[in-house]
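Student: Residue-level listing of the chains:
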Amino acid sequence: MTARVGIDHKAIHRRRRFRRNVPLMVMFAPVLIWLILFKYVPMLGISLAFKDFRLALGVFDSPWVGLQNFQLLFTSPLLMGIVRNTLFLSIASIAAGFSFPILLAVMLNEVRQMGFKRTMQTVFYLPHFLNWVIIGGIVISVFSIENGPINNFLVALGFEPFPFMYRPTSWITIFVGSGIWKGVGFGSIIYLAAMGTIDNQLYDAAEIDGAGKLGQIWHVTLPGIRPTIIILLILSMNNVMEVGFDQVFMLQNAIVRPVSEVISTFSYRMAISGQNYSITTALGLMESTIGLVLVLATNQFAKRFDSSLW
Amino acid sequence: MATLHKNRYTGFFITNGVLLFVGSITMLAPVLHIIAQSFSSSTAILSGQVTVFPIGFTTVAYRQLIAGTPVVRSFINSVHITIVGTAINLFFSILAAYPLSRPYFYGRRFFSLALVFTMLFGGGLIPSFLLVRGLGLTNTYFSIWLPGLISVYLIMILRTYFEGIPKSLDEASRIDGATETQLLLRVYLPLAVPALAALTLFYAVQNWNVFRQVLLYISDSSKQNLNVLVRTLIRSQLVLEEATQVDPGQEMELTAPESVRAAGIVVLVLPVMMIYPFLQKHFVKGVLLGSIKG
Amino acid sequence: MNMKRVGVTLLLLVIATGFAFATGAGEAAVSIEDVTVRATIYDRGRISEDLGTMSDNAFVDLVNESLPFQVEYVVYPRWEQEELLNAAFAAGDAPDYIFSYGASYNKGKYAEGLTLALDDYLEQYAPTTSEFVAQYPVLRDLVTMPDGNMHMFPIGQRIGPNWTLFVRTDWLDNLGMEIPTTVEELYDVAYAFTYEDPDDNGEDDTLGINLSWIGSLMVDIMFGRSESDFYVEDDEYVLSWDRLEASTEFKKQLYDAGLVDRDFLTDNNGNKAKQDFLTGRLGLYFANNGVRDGNLHLAFLENFPEGSFVPIAFPESEFGEFNPIHDGPGGGRSFVNSQTDVPEAAVQYGDFMQQIDTYIYLTYGTEGETFELNSAGIPEFLVDSEERTRLFGWTTDLRNHFPQILLPQVWVSPETRYLDRGPEWDMVYDSYTRGIEIYIDADKEYAWTPISPGSMPVLPNSLELVTASRQEVYDIWTRAIVSGDALTISEAREQADAMWSSIGGPQLEEFYAEWFEENKDNVVFAQQWYNSPTYMDP
Chain V
1 MTARVGIDHK
11 AIHRRRRFRR
21 NVPLMVMFAP
31 VLIWLILFKY
41 VPMLGISLAF
51 KDFRLALGVF
61 DSPWVGLQNF
71 QLLFTSPLLM
81 GIVRNTLFLS
91 IASIAAGFSF
101 PILLAVMLNE
111 VRQMGFKRTM
121 QTVFYLPHFL
131 NWVIIGGIVI
141 SVFSIENGPI
151 NNFLVALGFE
161 PFPFMYRPTS
171 WITIFVGSGI
181 WKGVGFGSII
191 YLAAMGTIDN
201 QLYDAAEIDG
211 AGKLGQIWHV
221 TLPGIRPTII
231 ILLILSMNNV
241 MEVGFDQVFM
251 LQNAIVRPVS
261 EVISTFSYRM
271 AISGQNYSIT
281 TALGLMESTI
291 GLVLVLATNQ
301 FAKRFDSSLW
Chain G
1 MATLHKNRYT
11 GFFITNGVLL
21 FVGSITMLAP
31 VLHIIAQSFS
41 SSTAILSGQV
51 TVFPIGFTTV
61 AYRQLIAGTP
71 VVRSFINSVH
81 ITIVGTAINL
91 FFSILAAYPL
101 SRPYFYGRRF
111 FSLALVFTML
121 FGGGLIPSFL
131 LVRGLGLTNT
141 YFSIWLPGLI
151 SVYLIMILRT
161 YFEGIPKSLD
171 EASRIDGATE
181 TQLLLRVYLP
191 LAVPALAALT
201 LFYAVQNWNV
211 FRQVLLYISD
221 SSKQNLNVLV
231 RTLIRSQLVL
241 EEATQVDPGQ
251 EMELTAPESV
261 RAAGIVVLVL
271 PVMMIYPFLQ
281 KHFVKGVLLG
291 SIKG
Chain H
1 MNMKRVGVTL
11 LLLVIATGFA
21 FATGAGEAAV
31 SIEDVTVRAT
41 IYDRGRISED
51 LGTMSDNAFV
61 DLVNESLPFQ
71 VEYVVYPRWE
81 QEELLNAAFA
91 AGDAPDYIFS
101 YGASYNKGKY
111 AEGLTLALDD
121 YLEQYAPTTS
131 EFVAQYPVLR
141 DLVTMPDGNM
151 HMFPIGQRIG
161 PNWTLFVRTD
171 WLDNLGMEIP
181 TTVEELYDVA
191 YAFTYEDPDD
201 NGEDDTLGIN
211 LSWIGSLMVD
221 IMFGRSESDF
231 YVEDDEYVLS
241 WDRLEASTEF
251 KKQLYDAGLV
261 DRDFLTDNNG
271 NKAKQDFLTG
281 RLGLYFANNG
291 VRDGNLHLAF
301 LENFPEGSFV
311 PIAFPESEFG
321 EFNPIHDGPG
331 GGRSFVNSQT
341 DVPEAAVQYG
351 DFMQQIDTYI
361 YLTYGTEGET
371 FELNSAGIPE
381 FLVDSEERTR
391 LFGWTTDLRN
401 HFPQILLPQV
411 WVSPETRYLD
421 RGPEWDMVYD
431 SYTRGIEIYI
441 DADKEYAWTP
451 ISPGSMPVLP
461 NSLELVTASR
471 QEVYDIWTRA
481 IVSGDALTIS
491 EAREQADAMW
501 SSIGGPQLEE
511 FYAEWFEENK
521 DNVVFAQQWY
531 NSPTYMDP
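Residue numbers (the numbering used here), protein chains in the order written: chain V, 1 to 310; chain G, 1 to 294; chain H, 1 to 538.
No lab work stands behind these hints, which were simulated from the structure alone.
There may be inaccurate statements among the hints.
Said to hold, decoys possible - Derived CB-CB ranges, DEER-like: (1) V/M43 <-> H/E387: 49 to 59 Å; (2) G/G107 <-> H/E49: 48 to 58 Å; (3) G/T181 <-> H/D50: 45 to 55 Å; (4) V/F162 <-> H/R417: 40 to 50 Å; (5) H/E184 <-> V/L154: 34 to 44 Å; (6) V/W218 <-> G/K281: 23 to 33 Å; (7) H/R421 <-> V/M43: 56 to 66 Å; (8) G/L28 <-> H/D61: 45 to 55 Å; (9) V/V65 <-> H/E518: 25 to 35 Å.
Said to hold, decoys possible - Stretch-level coverage of chain G by chain V, calculated; a stretch enters the list once three of its residues show a Cβ under 8 Å from a Cβ in chain V: (10) 14–28; (11) 191–198.
Stated by the list, open to error - Straight-line distance between alpha carbons at most 30 Å, and here's what the computed DSSO-like set of lysine-lysine pairs gives: (12) G/K281 <-> V/K117; (13) H/K520 <-> H/K444; (14) H/K252 <-> H/K444; (15) G/K167 <-> V/K303; (16) G/K167 <-> V/K10; (17) V/K213 <-> V/K117; (18) V/K213 <-> G/K281; (19) V/K303 <-> V/K10; (20) G/K281 <-> G/K167.
Small disclaimer: the values here were computed from a predicted structure and weren't measured.
All C-beta atoms, glycine included, are put in the ideal place defined by N, C-alpha and C.
Let the hints inform the model, and build the full structure from the sequences given.
Tutor: Below is the structure:
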């Protein structure tokens, strides 16, 4: 297209963009200040991973030791196992658990009676608020050998009681499963909110095209929340190195420790035997780096579906 | 519209309902267990008799909780932190997510990256502590509200939500001469109500349950929140190392009885359970969007 | 007259005078009246609202009235204090006086140079404490650090029983058995309890003994194992798996014979075992703080009014007879921050907290109002039990600043504490007095910590990783208990050895060996506790 004489479209565009951006920048400004002050300034503390932190000297005067802390960590024979466990348990939890909140949201979304819907929603989101201290105890007694309901049921059927909590595979299953159970209700909330924006007419259209209930769900509901699903998937990669201390601590025992000991429980043990911020910071830095790699990878993958984080 | 087809889908609805109901029972059981414990006698609890119904019904645990611990004041503090905190969180979340959702916003990609980066990397306990102290925020609730101004996770979700709103509305409003701010207030916010309701819920829960920050920054006991109080009560000798250091003079009579701990948990958990039902009416399917099409 | 010379001389004079004033002002120390001492205290969430808060209550007022300077309390939740204190230290803002039960934490602070050497201050600012250490020099040793100075305020208490082994005597009677005195007999009793229906109810619902939580450690004690697996042998401090091996063997036998709860490994806090005991499923019960546990006795009485149980001495093994864990005679629970600006005032505060009048106020209240002295000179409460808990239950930690050994024996004797309070307390009295007899026996060895924890050295950073990794070694032994034929005891020992080497255990051994060589004349051995004046005659 030839530009009309005398009108510079690009300049108009730029000016218009600038004008639109002014209120946006004003809006974002406080957030930016916050970001720098409360998030980036403290990152200076990452330097502790490269120092030998002495309480008496403080952050700034503690001596630099380069990579010594990392050396200590990497030469510890246990550390590799612990990192492996952390990765494994959290990826298993994310992978297995990802679909359940979506499934629950779909089911709740389809309920017609408001009273029943509200009750179900509330009930499902309750376990999220109970501490692992409580839930851990309950899980253990449910699966206990002596008198646990599950084993009682097996015995009634004529089987031998099975040591669920003492075999690595079954323990991991229980670990992941109980985590899913605890978080599914709370996790479904975002998806439910997203489903709220799907245009009713799309459902009617699908119905006219001959789709049954399940078909409508597959062709309307799920695609409708696809951006949300992808974003949550990427964001959950951020949690990959964080296996919750409480959950592991309450459920673990000596037999399964080789698969259950994670970074958070090991740090706790270190803290009991002697405070060592340098090592903990170094561990944290390692965790963050792995997390970053995963987030970047997932984001690249997500670009293929047109919704990425940036 | 749905009623016309109710008969066609009855089978689905019934299956759906039954599955949900069965699932909900497992969710409910532990909660009933704790409530039952809070109304049971100590002996019954110690003997492991309490399952989902109280044994030896008594309200002594609640009386002891109210009379012997600063639970009322802590409760009020928690409410205070939650209400103000959630309002602050929501306000700034909108201010953050909206610009990021506009494709022409300068530095949009850069800022998104910068935000997500902070989800992964952080300086840790000591630097944050020093910063908050340096700013003179210790012992005020601003030490909780300011560092926790927004959750990057929720910002990203809200941004995605804003992005999902059809661009046709943009043009329609611009033709009417709307500014960026008016666009936000009149078009996007009303349409984003379900997401905002979800954010309110999450922030409210987060503020209600805040623990680490209160521990670190609030030194005045009278400003402590409920979560810290209850955790202090529950925390018993779970760790072996601690078991071998019985606190002298702690005759077993003085440790908080199981029932009081259960009562503390109930008081802590009940209010957040109540928040969700209030916000549910905003998670409605397609009501608002449909009205815009005209 | 040379004006320049006059000028210079005048100038020098002025400077000299100025100096004189300056040093004079410097020497007059800031009056101890104008300062504020910041002291820590634990928060357990147990103070009623009408009494105030942990930092603002009648006692705080009393402290401020009684001392010439201000005292401000810094309150930390009981189980979070260490982490929060570290943050405060890092900020250069830690309190002046720190009260902490964590012996290794306190020692760690000494190693970092954060504790004040108290010797120079005691005479002038802490008369009560000075008198106390003069009276009990062994307690002073327990808080003396390698630099020869006292770094903590010493306390002393009468050694009281803690870990307990209970047996159902009614079951023994039913089966016609005697109280077991050797590990073999213990096994037989446990076997009988499990398989011979001791409660006569025709059902196979009983178990012999518990290994859960600390139960396993209590079995270790019978075999004389020490917590770190280091022992003093032939004048050296060395590692040995022998006793742990024997103990694990015994536990394996118990497990394989089905005498213990197969879920003992998931009983993280001993609650399952306690439940089993209280519901009549368990006959031999290893209890934490058992002889002092009023709730336990009460619950048992409620469930089994006709039943009976007593604490018994830990049975003898091939390694001898041992005392289980009990209170130590003393140690240090508070220190002054070496970076403080007000050392004199902080020490004086510490002294105040060690005075008997302070203790009386915190425990009994005001004479005439909340208590009175009876004819035997023992304080008796004028308020009922509930009110007493309400008024004084929250002061536990404040009270613990005081060296209990200074109290008249009759005030804290079991008779005073437990008699005339109700039937379950009578049972506690019986348990407690018996516990003193059998568990704090000077003729038996205290094996759990052959060297008093206060005398142990602080480990360097690199060895801390070793101690944190020890758990992996112990897991191997634990697995041997439950794995039947899949893991024999000798295989376990081999694996444990290998694991120990791989986590750097030998370096730890070397460190301790050297340390012991140099310090063996200065350490306080646990056995010495029984020679101290704090050893209570039963």
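Student: Run every hint past the structure and note whether it holds.
Tutor: Here is how each hint holds up against the structure:
The hinted range of 49 to 59 Å is satisfied by V/M43 and H/E387, whose Cβ atoms lie roughly 54 Å apart. As the Cβ distance of G/G107 to H/E49 is approximately 51 Å, the hint placing it in 48 to 58 Å holds. Between G/T181 and H/D50 the Cβ separation comes to about 51 Å, which falls inside the hinted range of 45 to 55 Å. Restraint check, V/F162 to H/R417: a C-beta distance of roughly 48 Å satisfies the suggested window 40 to 50 Å.
H/E184 and V/L154 have their C-beta atoms about 36 Å apart, which keeps the hinted 34 to 44 Å range intact. Between V/W218 and G/K281 the beta carbon distance is about 28 Å. The supplied range of 23 to 33 Å therefore holds. Checked against the hint of 56 to 66 Å, the C-beta distance between H/R421 and V/M43 comes to roughly 59 Å, which is consistent with it. Between G/L28 and H/D61 the CB atoms are about 49 Å apart, so this pair conforms to the stated range of 45 to 55 Å.
Between V/V65 and H/E518, the C-beta spacing of about 28 Å keeps the proposed range 25 to 35 Å intact. Look at the segment 14–28 of chain G against chain V: 10 of its residues bring a Cβ nearer than 8 Å to a Cβ of that chain, three or more, so the hint holds. Note: the segment 191–198 of chain G has 5 residues with beta-carbon separation from chain V under 8 Å; the three-residue rule is met and the coverage holds. Note on G/K281 and V/K117: the hinted pairing holds, with a Cα-Cα distance of about 11 Å set against a maximum of 30 Å.
Restraint check for H/K520 and H/K444: satisfied, since their Cα atoms lie roughly 22 Å apart, inside the 30 Å limit. Restraint check: the Cα-Cα separation between H/K252 and H/K444 comes to about 26 Å, which is no more than 30 Å; the hinted pair holds. Under the criterion of a C-alpha separation no larger than 30 Å, the hint pairing G/K167 with V/K303 is consistent with the structure, at around 21 Å. Distance restraint check for G/K167 and V/K10: the Cα-Cα separation of roughly 22 Å lies within the 30 Å cut-off, and the hinted pair is therefore satisfied.
At most 30 Å may separate the alpha-carbon atoms for a hinted pair to count; V/K213 and V/K117 meet this at roughly 18 Å. Straight-line distance between C-alpha atoms of V/K213 and G/K281 comes to about 24 Å, which keeps the hinted pair within the 30 Å bound. At roughly 29 Å between alpha-carbon atoms, V/K303 and V/K10 fall within 30 Å of each other, so this suggested pair holds. The suggested pairing of G/K281 with G/K167 holds, with an alpha-carbon distance near 26 Å, which does not exceed 30 Å.
In this structure, none of the earlier numbered hints is contradicted; all agree with it.
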